[in-house]
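Here the sequence shown stands for residues -18 to -1, 1 to 776, numbered as in mature numbering (1 follows the signal peptide of the UniProt record, and there is no 0).
In short, the hints are calculated from the structure, not lab data.
Built from N, CA and C at the ideal position, the CB exists for glycine as well.
Where hints are given, some of them may not hold.
Stated by the list, open to error - Okay, derived cross-link-like pairs now, EDC-like style, lysine to aspartate or glutamate, Cα gap no bigger than 16 Å in a straight line: (1) 80 to 721; (2) 558 to 504; (3) 162 to 94; (4) 556 to 485; (5) 769 to 692; (6) 693 to 764; (7) 693 to 743.
Claimed, not checked - If you anchor each label on the Cβ, the simulated ranges turn out as follows: (8) 74 to 285: 27 to 37 Å; (9) 505 to 92: 32 to 42 Å; (10) 150 to 486: 31 to 41 Å; (11) 411 to 727: 18 to 28 Å; (12) 295 to 252: 55 to 65 Å; (13) 775 to 468: 37 to 47 Å; (14) 618 to 137: 20 to 30 Å; (15) 150 to 110: 32 to 42 Å; (16) 486 to 354: 47 to 57 Å.
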Amino acid sequence: MRLTSLITLAISLPTTLALEQFNPSTVSWYTHPANNFTSTLPIGNGRLGAAVWGTAIENVTLNENSIWSGPFINRVNPNSYSALWPVRSLLAEGNISKGNDLTLDEMVAIPDSPQSYSALGALRLDFGHEEDDMRNYTRSLDLRTGVVGVEYVYAGVGFRREYVASYPDGVVAVRLSSSKAGGVDVVCSLERDRWVLGHTAAVVHEDGLLALVANASDQADPIRFTAEARIVADGGRVMSNGTSVVVRGASTVDIFFDTETSYRYASQAEWQAESTQTLDAASRAGYAAVKANAIADYAALSQRVDVNLGSSGSAGTLPTDTRLVNFRSDPDSDPELVSLMFNFGRHSLISSSRASESPALPANLQGLWNQDFDPAWGGRFTIDINLEMNYWPAEVTNLADTFSPFIDLMDIVQSRGVNVAESMYHCSNGGYVLHHNTDLWGDAAPVDNGTEWTMWPMGAAWLSANLIEHYRFTRDETILRERIWPLLQSAARFYYCYLFPFEGYYSTGPSISPEAAFIIPEDMSIAGNEEGIDIAPTMDNSLLHELFQSVIQTCDILGINNTDCTNATSYLAKIKPPQIGSSGRILEWRLDYEESDPGHRHMSPIFGLFPGYQMAPLVNETLAAAAKAFLDWRIAHGSGSTGWSRTWTMNLYARLFNGDQVWNHTQIYLQRFPSPNLWNTDSGPDTVFQIDGNFGFTSGIAEMLLQSYEKVHLLPALPTAVPTGHALGLVARGNFVVDMMWEGGVLSQANITSRSGSALDIRVQGGLNFTVNGEVYTGSLETDIGKVYTVVPV
């Protein structure tokens, strides 16, 4: 018996009895409405987003992923190339101060920022209810179905609101109902407080119609959009007062919502025709069909994976916000909160990244959900960690389907980046450059103005790592050939042109170790000052190592033999390997500078540990040990100060096979960072929401349970605090689906299903002996597509 299906029982039964039905690992729920944006419940179909407040007068925050502030602007500084070699000379000669100053004087883009993500507005539903008189209130998000429900009793009548975001039907749909026939009265409107061009409400053929036409900003040639809602009542009367649709005495009210923008359509007539067609189809199908389609589509993704990390008992029966508070003082009592957060990360990716209208857009800094016209950091695609982190869980948690919007954006970026490579660096060989930030137009010029973040021409290299990982997991050679290879090829070509010889290696510069600074030593200009720009930071070299390796691997897989392939081999041989300083730590810069912030939030110098492999333990134990020393040093000095940084730490310790530290940082993360609705925050529940940490958290738990960069490694970092559990449906590189169970801290059995017939190399925990299908494992296995390989320790 489910609470969401029987309103009358929710009214008649004691609240505590009804609430016991919420699964503590898969349902986020609350006993009060949201009191701010970061306590709303988010749903989405990849393109449309809705954040449900559940207040007496409901204001569903609405988003569409192409509503950004304005048009593309060519921001390249015309002085960039004339400054490039003088800057390099200054840095090489040991004049760090003047090199940094000249970079910012002559190479920063004009204006210094691209466009920003922007809010759409809200769907306002006024029921005439007072919040103080709402009884037996629950608000829930089911992470298995993607459905949000709000239930309460008002004046003796039970009311339910239900919200779904349908990918198949392209709409957000709402059903309003009550336990009393004819009991729904509601005033519906679309709200936005600026740049509105048209705001209408009407009744046509007994259905209510709401339309809002607006500009995204007050810039010249802004993105423009039309938001529309179709309101269908069962019973009662439907009326309009010009700006709102008023429904009186209905048994149910169904609302179907869509928005289309000028980003994907040449004229308002075209985007409005598309929206009308979508809403016509949804309203003809009816809410029940739209909901069924939405759940079937969503559940086919969400329910591929099931992770059990232990039972919370009574601690898990409490509302989610109460569990978060309790976790701060007693984290060991509620392991299912970890599972809930893991599942919420997968929900967020499913909801914010789907291949819908072309071009699709990937999850941005806020995923999809935003209430501000000028959000923090522009809500953009930040490239020096954040966009990449958004997709760390995609393949390993069986959501490779969500990755195509990432590739769509890369196609746009590549076209813009070719032009920037030519104008900024005089590289005209078809290579593309991207700095640390971009927008929906693929703006590739440097962003903002600061020595610690602006001048970083490595965005294409890092994003290429995500691209090749998609192939390594899926083994889809068609996507590799047609979509990924052109991007890898173009990224590598830029560096064949851009890199310059310095101290015997091909080097980058001017560049940075993202967002970090060092203290200038005595003999390198203004001693004691903090600067960030230099030649060949360690991360740049690691990214280049990964990129050229990826090009070589792709050439081999696709049977390509051309100069792009031979160049990758020759350039790889001349990339400086990671250096270990006198402290035993991986060096961050080319010299052993003193860090201005030893506990900096970025872990850039050990990219080669995770998400790269160059420093991973099964690849190079010496570098892994030095990477661990760097990680420990950062943490000891306060790193992990932002939510995304703390979750990167989880992944890094997992890669080091240190499960207890993974669990430690998992608990610290849950104690410090989530907002009441489980969104990641910058530095605590009352600070800015950015979604990357949610995805990093999900990736970190998966990395703790399954790794596959060298072998399909089962339970590589199982914490002692999780002695019994299971993980079903995770995916390993080579396109293997892995189902595992463990007891007493030891794997009891794993079933590995081969989906591509790849060779299978297996490792169990720290090196346990085991059998595969009853035979003692002695080495790599050739697999058959569809066959299951059962692993049992001996």
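Each hint tested on the structure:
1. 80 to 721: violated, 57 Å
2. 558 to 504: Not satisfied, since the Cα-Cα distance of roughly 25 Å exceeds 16 Å.
3. 162 to 94: Measuring from Cα to Cα gives roughly 58 Å; hence the hint is violated.
4. 556 to 485: holds, 11 Å
5. 769 to 692: violated, 21 Å
6. 693 to 764: holds, 14 Å
7. 693 to 743: holds, 5 Å
8. 74 to 285: 27 to 37 Å: The hinted range 27 to 37 Å is violated for residue 74 and residue 285, with Cβ atoms some 56 Å apart.
9. 505 to 92: 32 to 42 Å: 34 Å Cβ-Cβ, so the 32 to 42 Å window holds.
10. 150 to 486: 31 to 41 Å: Since the Cβ atoms of residue 150 and residue 486 sit about 57 Å apart, the hinted range of 31 to 41 Å is violated.
11. 411 to 727: 18 to 28 Å: Violated, since residue 411 and residue 727 (Cβ atoms, about 54 Å apart) do not stay within the stated range.
12. 295 to 252: 55 to 65 Å: Given range 55 to 65 Å: holds, Cβ gap about 56 Å.
13. 775 to 468: 37 to 47 Å: holds, 44 Å
14. 618 to 137: 20 to 30 Å: violated, 59 Å
15. 150 to 110: 32 to 42 Å: Once the Cβ atoms are compared, 34 Å apart, the range 32 to 42 Å for residue 110 and residue 150 holds.
16. 486 to 354: 47 to 57 Å: holds, 49 Å
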